[in-house]
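Residue numbers (the working numbering), protein chains in the order written: chain A, 1 to 74; chain X, 1 to 164.
No false leads were mixed into what you were given.
Label-pair distances were calculated between CB atoms; the ranges are:
| # | chain 1 | residue 1 | chain 2 | residue 2 | range |
| --- | --- | --- | --- | --- | --- |
| 1 | A | Gln8 | X | Pro51 | 21 to 31 Å |
| 2 | A | Ala37 | X | Glu109 | 29 to 39 Å |
| 3 | X | Val98 | A | Arg52 | 46 to 56 Å |
| 4 | X | Ser46 | A | Gln33 | 20 to 30 Å |
| 5 | X | Arg126 | A | Ala49 | 43 to 53 Å |
| 6 | A | Ala27 | X | Glu109 | 18 to 28 Å |
Quick caveat, the hints were computed from the structure, so don't treat them as lab data.
We treat Cβ as the ideally placed atom computed from N, Cα and C, and that holds for glycine.
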Amino acid sequence: MRQDQLDQEFSRLFHEGLGLTGEQEDALWARFQQKAAGEVQAWAFFTIAMIRNAARLRPAVMRASWAHRVSHVS
Amino acid sequence: MSEFETFYRQHVGLVHALARARSADTWQAEDLAQDAFLRAWQHFGSLRSLPPPAQRAWLSRTVRNLSIDAWRRAAAAPELLGMDDAEAVGDHQAELHVDLARAMATLGEEDREIVTLRYLGDLNSREIGEAMGMPEGTVRRRLAESRKALAEQLAAWAPAGEVR
Numbered sequence: 001m002r003q004d005q006l007d008q009e010f011s012r013l014f015h016e017g018l019g020l021t022g023e024q025e026d027a028l029w030a031r032f033q034q035k036a037a038g039e040v041q042a043w044a045f046f047t048i049a050m051i052r053n054a055a056r057l058r059p060a061v062m063r064a065s066w067a068h069r070v071s072h073v074s
Numbered sequence: 001m002s003e004f005e006t007f008y009r010q011h012v013g014l015v016h017a018l019a020r021a022r023s024a025d026t027w028q029a030e031d032l033a034q035d036a037f038l039r040a041w042q043h044f045g046s047l048r049s050l051p052p053p054a055q056r057a058w059l060s061r062t063v064r065n066l067s068i069d070a071w072r073r074a075a076a077a078p079e080l081l082g083m084d085d086a087e088a089v090g091d092h093q094a095e096l097h098v099d100l101a102r103a104m105a106t107l108g109e110e111d112r113e114i115v116t117l118r119y120l121g122d123l124n125s126r127e128i129g130e131a132m133g134m135p136e137g138t139v140r141r142r143l144a145e146s147r148k149a150l151a152e153q154l155a156a157w158a159p160a161g162e163v164r
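Okay, chain A solo, but in the shape it has when bound (with noise of 0.2 Å):
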């Protein structure tokens, strides 16, 4: 057999021996959709909890600042 004949052999074997069924595919795919949600709502909730501690602190480090104080002097 050719080199190139060989090729496509393996090619076929390949796409049917490894390739997904289509139930295979939607379940992946089902599967993906889960997790790519979890990736957003663990986002979310990280940037709001950086908004919130942001917001807590800002307060804090803004009366610890030079031009807090400088502002306040008189």
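Please build the complex by placing chain X on the supplied structure of chain A, with the hints as guidance.
Chain X only, in chain A's frame:
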């Protein structure tokens, strides 16, 4: 169907096979494949405009990088192969699946990746070389060696005879 879903379905077979070539078991392989698609999803803005072979090369590099990260975390070398026989559908496909897994297990990790990119990803030697950071000539040579080894292992499926 969203554009990303089309992209996912177009490449999931290859990404899954690449992950299987690098992971110890089926679930780890699925995690690896899904993580690669999460990265793709995050970079889809630039990825969507690439031609399909370049998209496959990007996904292949991502699977490799993620598997190296996972390997570092686990501090243990990944072993092939855990191709779960029960996943295959039908006797014929199950038998072929198992025989292909056994044949692939005789190859080194990089050679499994080259062969998967060639026969499942339909990439040519130049594209595989670009994806793996390897000269095209090296890809050709390694592919020829792997082809010979696979032809012996898979003689029942692809009666090879003499490879000319």
